[in-house]
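A.B. asks: In case you want the letters, here they are:
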Amino acid sequence: VKFEPVRPLSALRVGDRMPDSRVGPITLSDIVRCAGATGDFNPIHHDAAVARGCGYPDVFSMGILQAGVIAVRLGRWVGVEPVRRLSLRFVAPVWVGDVICVSGKVTAVDAPQAMAEIGLYAARADGDIVVKGHASVSLRP
Amino acid sequence: MTSHPDFPSLQDVYFVVERSKLEELARAWFDRGPAEAVAESGPFETIPVPLLAGVLINHYLAGGAESVVSDLGLDLERSVHGEMIWEYLRPLPIGRVIRAVRRVSEVAKRQGRRGGELTIVTVDVEYRDENDVLLVVRRDLYIERES
Numbered sequence: 001v002k003f004e005p006v007r008p009l010s011a012l013r014v015g016d017r018m019p020d021s022r023v024g025p026i027t028l029s030d031i032v033r034c035a036g037a038t039g040d041f042n043p044i045h046h047d048a049a050v051a052r053g054c055g056y057p058d059v060f061s062m063g064i065l066q067a068g069v070i071a072v073r074l075g076r077w078v079g080v081e082p083v084r085r086l087s088l089r090f091v092a093p094v095w096v097g098d099v100i101c102v103s104g105k106v107t108a109v110d111a112p113q114a115m116a117e118i119g120l121y122a123a124r125a126d127g128d129i130v131v132k133g134h135a136s137v138s139l140r141p
Numbered sequence: 142m143t144s145h146p147d148f149p150s151l152q153d154v155y156f157v158v159e160r161s162k163l164e165e166l167a168r169a170w171f172d173r174g175p176a177e178a179v180a181e182s183g184p185f186e187t188i189p190v191p192l193l194a195g196v197l198i199n200h201y202l203a204g205g206a207e208s209v210v211s212d213l214g215l216d217l218e219r220s221v222h223g224e225m226i227w228e229y230l231r232p233l234p235i236g237r238v239i240r241a242v243r244r245v246s247e248v249a250k251r252q253g254r255r256g257g258e259l260t261i262v263t264v265d266v267e268y269r270d271e272n273d274v275l276l277v278v279r280r281d282l283y284i285e286r287e288s
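Residue numbers (the working numbering), protein chains in the order written: chain A, 1 to 141; chain G, 142 to 288.
Any given hint could turn out to be false.
Unchecked claim - Pair ranges (Cβ atoms, derived):
#	chain 1	residue 1	chain 2	residue 2	range
1	G	S211	A	R33	20 to 30 Å
2	G	S161	A	D128	32 to 42 Å
3	G	F185	A	R7	20 to 30 Å
4	A	R17	G	G214	41 to 51 Å
5	A	Q113	G	S150	16 to 26 Å
6	A	E4	G	D153	36 to 46 Å
By construction, these hints were calculated from the structure, which means they are not laboratory data. Even glycine gets a Cβ: it sits at the ideal position worked out from N, Cα and C.
With the sequences and hints as input, model every part of the structure.
C.D. replies: This is the structure in structure tokens:
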């Protein structure tokens, strides 16, 4: 990830956008790598027979894969330490072959409190959103 | 923390943020690893720990992440991880023992969009250092579809 970090953070304004980035197409190897890294070996994510048995058309990534992709990019943009709160809601699966497009935008700045609110999204290449997120970031130096 | 009375208490988890695990997380999240960060900005102990590094507690659960769902009495095949919320008070330290205190804080029912009832179980996790200082608070929502 090659992001130019925001400096200083106090320069953030409503409407400022986190640099867009894409990862993928997601492979089964990517999912298995994430399973190993995060300790999530629910077979629904890597065993197609199990996934189909649960009513899904195929395996899909664990939410922590796309959540981590978003969080890493947020950390690269504003830094890790300024982040006070991060919420991530998994609204749709990421399938093998999907490209994950990550974006973010400053939605509010509270100058007296030196806080910024950032809306975060991960979407498939066709625009369908898979994760909706929100971060509260301290702007204090 | 007090657990929901209808659910068994969850065991505390003791874990360490290790360099090799940070390398693995970086690869899983399509990021550069700690080695590159160290080369750029200094000693390993001082590099920023990823925001979601608290997931490493999964490695210290006997059954991995999937055991969280089964420990809650939810059916793994009908359950999904719906949401995670993290609040950061202090960074997770690298190389020191961290205690994760877990509890079920809420259980709710609601109708699903496609019919059928959904059970939503909220699990709170407090990450504390060896002096019991609160570092990070995490909330996970697990959703089980009706059978």
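A.B. asks: Which of the numbered hints above does this structure break?
C.D. replies: Number 5 - this is the single hint that the structure violates.
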